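There are 2 protein chains.
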Amino acid sequence: LARIAVDAMGGDHAPQAPIAGALLALAELPAQHHIQLIGRSAPVTAELDALLSDEFAAYAPHRSRISIVDAPDVIEMTDKPTVALRGKQQSSMVIGLRRVVEGLADGFISAGNTGAQMAASTVLLKLHPGLTRPAIGTIFPTARQPVLMLDAGANVDCSAEELVQFARIGDVYARHLLGRTSPAVGLLSIGEEAEKGNAVVKEAHQLLRKADLNFIGNIEGRDIPNGECEGSPLDVIVCDGFVGNVLLKFYESVAPMLIGMVARSAGLDADTVTRSLKHLDVDEYGGAPLLGVRGVSIISHGSSSPRALKNAIRMAVTASESGMNEEIGRRLSAAASHTA
Amino acid sequence: LARIAVDAMGGDHAPQAPIAGALLALAELPAQHHIQLIGRSAPVTAELDALLSDEFAAYAPHRSRISIVDAPDVIEMTDKPTVALRGKQQSSMVIGLRRVVEGLADGFISAGNTGAQMAASTVLLKLHPGLTRPAIGTIFPTARQPVLMLDAGANVDCSAEELVQFARIGDVYARHLLGRTSPAVGLLSIGEEAEKGNAVVKEAHQLLRKADLNFIGNIEGRDIPNGECEGSPLDVIVCDGFVGNVLLKFYESVAPMLIGMVARSAGLDADTVTRSLKHLDVDEYGGAPLLGVRGVSIISHGSSSPRALKNAIRMAVTASESGMNEEIGRRLSAAASHTA
Numbered sequence: 012l013a014r015i016a017v018d019a020m021g022g023d024h025a026p027q028a029p030i031a032g033a034l035l036a037l038a039e040l041p042a043q044h045h046i047q048l049i050g051r052s053a054p055v056t057a058e059l060d061a062l063l064s065d066e067f068a069a070y071a072p073h074r075s076r077i078s079i080v081d082a083p084d085v086i087e088m089t090d091k092p093t094v095a096l097r098g099k100q101q102s103s104m105v106i107g108l109r110r111v112v113e114g115l116a117d118g119f120i121s122a123g124n125t126g127a128q129m130a131a132s133t134v135l136l137k138l139h140p141g142l143t144r145p146a147i148g149t150i151f152p153t154a155r156q157p158v159l160m161l162d163a164g165a166n167v168d169c170s171a172e173e174l175v176q177f178a179r180i181g182d183v184y185a186r187h188l189l190g191r192t193s194p195a196v197g198l199l200s201i202g203e204e205a206e207k208g209n210a211v212v213k214e215a216h217q218l219l220r221k222a223d224l225n226f227i228g229n230i231e232g233r234d235i236p237n238g239e240c241e242g243s244p245l246d247v248i249v250c251d252g253f254v255g256n257v258l259l260k261f262y263e264s265v266a267p268m269l270i271g272m273v274a275r276s277a278g279l280d281a282d283t284v285t286r287s288l289k290h291l292d293v294d295e296y297g298g299a300p301l302l303g304v305r306g307v308s309i310i311s312h313g314s315s316s317p318r319a320l321k322n323a324i325r326m327a328v329t330a331s332e333s334g335m336n337e338e339i340g341r342r343l344s345a346a347a348s349h350t351a
Numbered sequence: 012l013a014r015i016a017v018d019a020m021g022g023d024h025a026p027q028a029p030i031a032g033a034l035l036a037l038a039e040l041p042a043q044h045h046i047q048l049i050g051r052s053a054p055v056t057a058e059l060d061a062l063l064s065d066e067f068a069a070y071a072p073h074r075s076r077i078s079i080v081d082a083p084d085v086i087e088m089t090d091k092p093t094v095a096l097r098g099k100q101q102s103s104m105v106i107g108l109r110r111v112v113e114g115l116a117d118g119f120i121s122a123g124n125t126g127a128q129m130a131a132s133t134v135l136l137k138l139h140p141g142l143t144r145p146a147i148g149t150i151f152p153t154a155r156q157p158v159l160m161l162d163a164g165a166n167v168d169c170s171a172e173e174l175v176q177f178a179r180i181g182d183v184y185a186r187h188l189l190g191r192t193s194p195a196v197g198l199l200s201i202g203e204e205a206e207k208g209n210a211v212v213k214e215a216h217q218l219l220r221k222a223d224l225n226f227i228g229n230i231e232g233r234d235i236p237n238g239e240c241e242g243s244p245l246d247v248i249v250c251d252g253f254v255g256n257v258l259l260k261f262y263e264s265v266a267p268m269l270i271g272m273v274a275r276s277a278g279l280d281a282d283t284v285t286r287s288l289k290h291l292d293v294d295e296y297g298g299a300p301l302l303g304v305r306g307v308s309i310i311s312h313g314s315s316s317p318r319a320l321k322n323a324i325r326m327a328v329t330a331s332e333s334g335m336n337e338e339i340g341r342r343l344s345a346a347a348s349h350t351a
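Sequence lines, in order, name chains A and B. With the working numbering applied, the first sequence corresponds to residues 12 to 351, in that order. With the working numbering applied, the second sequence corresponds to residues 12 to 351, in that order.
Calculated from the structure, these hints are not laboratory results. Treat the hints with care, since some could be wrong.
Where chains are identical, the list cannot tell them apart; a pair therefore holds if satisfied intra-copy or between any two copies.
The calculated DSBU-like cross-link candidates involving lysine-lysine, where the alpha carbons are at most 30 Å apart (straight line), are [claimed, not checked]:
#1 Lys213 - Lys91
#2 Lys207 - Lys91
#3 Lys137 - Lys91
#4 Lys137 - Lys207
#5 Lys221 - Lys91
In this text, all values refer to a predicted model and were calculated from it rather than measured experimentally.
Please work from the sequences and hints to get the whole structure.
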C-alpha cells in the first residue's frame with residue numbers, strides 16, 4: 012500500500028494536470044494505492060468534479076481512492092525558495108512533505124517551484140548523514156537504454172568526494188528504479204584517460220577506482236547520446252550540477268530543434284515525427300526523484316502533461332516500495348565507516 | 012598575398028585529404044595565394060602527382076602555386092604532445108609552425124595531433140602577454156546563425172579573469188571571421204540571473220558587466236541550439252574548456268543520433284537527410300583557429316574531408332589578412348592597462 016501526496020497547485024497547468032495525472036495513475040495502480048491531492052480545497056474539488064463529470068467520467072470508480080487535503084497558501088514559480096518556505100507554511104509543498112515526515116503519506120510529487128521543493132525536502136525530510144545537499148538525477152534518452160545522469164543542477168561547486176557520493180546514489184537508483192544489475196558508472200570528462208579532466212574530476216577518478224562500484228572510467232560527451240562507452244552499455248553518468256544542468260537544458264532544446272529541421276527538410280510534420288520517437292519520450296519517466304533525502308520527493312517539470320505526472324506518481328510508488336532511499340542511506344553510511 | 016603552410020601528414024586521411032584540400036582551396040582563392048605542403052617529400056610528391064593525373068586533373072594549372080617542404084619526422088595521433096615536440100623537431104607540425112615564426116608562411120593548418128599542435132603553437136608562435144594558454148574557439152550550428160563557443164577544451168580549470176579573456180578574444184573572432192558587428196557575448200550558466208552559476212561563473216559575470224563588450228548576461232544550455240537568448244541573436248558563448256569540450260562532443264554525437272532516429276522512423280536515408288541540412292554542415296568551417304597565439308594556427312578535425320580542409324585553408328587566409336591575431340593582442344593589452 013502506498014499513499015502518494017500530489018501537489019495539486021504545482022506546475023504550469025495546475026490544478027488540471029496534476030488531478031488528471033492522479034486519475035490516470037489510479038487507473039493503472041492496484042486498488043490498495045491512494046492519492047492525496049494537496050491544495051486549496053475549493054478549486055481542487057471543483058476541478059476534480061469537473062473532470063469526473065466530463066473527460067474522465069470513466070474514472071469515477073477511482074474517486075474513493077482520492078482524498079483532498081486543504082493547503083491555503085500557494086508557492087509561485089517566481090517565489091524565492093527560502094522565502095516561500097518560511098512564509099508559506101500552509102502551502103501544498105510544505106503540507107505535502109510534512110505528511111511524508113509524519114508517516115501520513117509515502118511519497119510526494121510536485122511540478123511546482125523546483126528550488127522550493129528542494130529546500131523544503133531538505134529541511135523537512137532531512138538528508139542522509141554525510142550529505143550537504145540533495146542531488147537531482149535525470150534520465151537521458153539514448154540510442155540504447157535510458158541513462159541516469161546526476162547531478163542535474165542541485166550542486167554546482169562539487170568536491171571529488173561529492174562526485175563519489177553521486178556515483179553511490181546513482182548506483183542504487185539504477186538498481187531500484189531502472190532495474191539494472193551492477194550498473195555501469197561513468198565519470199563525465201574530456202578524455203578517456205585517468206589524467207584527463209579538471210582538478211576535481213581527476214581526483215574523483217582515483218577515488219572511484221577504489222570504490223565498491225562498477226566504475227567503467229571516464230566517459231566523454233559523445234558517449235551520452237549513444238548510451239554506451241566503447242561498446243559497453245552505460246547506466247549512470249556522474250558530473251557536477253553545473254555541467255549536468257547545462258547538458259540537460261541543451262539536450263531538451265537540441266532534440267526538438269534537430270527534429271524540426273529534419274522534418275521540414277523532408278516535408279514531414281514535426282509533431283508527428285516526435286510522437287513516433289518513443290526513445291525520446293520525456294513523459295516516460297515524468298519526474299526526477301530528489302536523491303539523498305530521507306523520503307520520497309519527486310520533482311516534475313513545470314510544463315508536465317497529465318501523462319508525465321501519472322508516470323511521476325508511479326515512480327513515487329516504486330521508489331517508496333523498493334526502499335531506495337533507505338538503501339541509499341545504508342550505502343552512504345557503509346562507505347563512510349569504511350573510509351573512516 | 013597569403014602563403015599557407017598545410018600539414019600534409021596530419022589527420023586520418025593524410026596525405027590524400029590535405030593535398031586534395033589544398034587543390035580545392037587554390038581553385039577558389041585568388042592567384043596570388045600559395046600553399047606549402049609540409050611533409051615527407053617523397054610520398055607527398057607522389058600523392059600530389061597521382062591526384063593531378065587522375066581525379067584532380069583539371070587542377071593542374073594550380074600546381075605552380077604549390078611548393079613541397081620536406082619534413083622527415085611524423086607526429087602520430089597517439090604521441091604525447093610534449094614528447095613529440097621535443098623528439099620530432101623535423102616533423103611537419105614543428106617545421107610548418109616555424110615557417111610562420113620566420114615569416115616564410117602566413118598561417119598553418121593541421122588535422123593532426125591537436126595536443127601537439129597546441130603545444131607547438133604555444134612554444135613557437137608564443138602567447139599574447141597575459142595569457143597562460145591558448146583557447147580553442149569552435150563554431151556551433153544553430154537554428155539561426157552559427158555561434159562561436161570558447162573555450163572548447165584547451166583550458167579546463169579557469170579563473171574568472173580567464174573567462175573574461177575568452178570573451179574579449181571571442182569578440183574579435185566574431186568580428187573578423189564571422190563578420191558580426193558588436194557581437195553579443197553570453198556567459199554559459201545554469202540560470203539567467205547574475206547570482207546563478209558556480210563560483211567562477213558568478214565572479215566572471217560581475218567582471219563582464221564592467222568590460223567593454225556587448226555582454227548580454229548569462230545564457231543557458233537551452234539557448235545554444237536556438238542561437239538566441241530571449242529572442243536576441245547570440246554570437247559568442249563563453250565557458251571553461253571542460254564544459255565546452257563536453258558540450259562540443261555531445262553535440263557532434265547527438266546530431267547524427269537524432270537525425271538517424273528520425274530518418275529511420277520516416278523511412279528516409281540518414282545520409283541523404285544529413286546532406287540536406289546545410290545548417291548543420293560541419294565541413295563549412297573546417298577548422299578552429301587556436302586563439303591567443305601570435306600567429307595563425309588552425310586546428311582541423313582528424314577525420315576532416317578534403318572539403319573541410321579546403322575551408323580551413325580559406326579560414327587561415329582570412330585570419331591572416333584580417334589581422335585578427337594582432338587585434339586580439341591589442342585588445343588584451345588595452346584591457347590589462349585599463350585594469351592596472
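For each hint, the structure was consulted:
1. Lys213 - Lys91: between (35 Å within a copy, 18 Å between copies)
2. Lys207 - Lys91: between (38 Å within a copy, 13 Å between copies)
3. Lys137 - Lys91: Classified as within; 20 Å inside a copy, 48 Å across copies.
4. Lys137 - Lys207: between (36 Å within a copy, 24 Å between copies)
5. Lys221 - Lys91: So lysine 221 and lysine 91 pass the 30 Å test across copies only (27 Å; inside, 40 Å).
Violation of the numbered hints given earlier is absent; every hint is satisfied by the structure.
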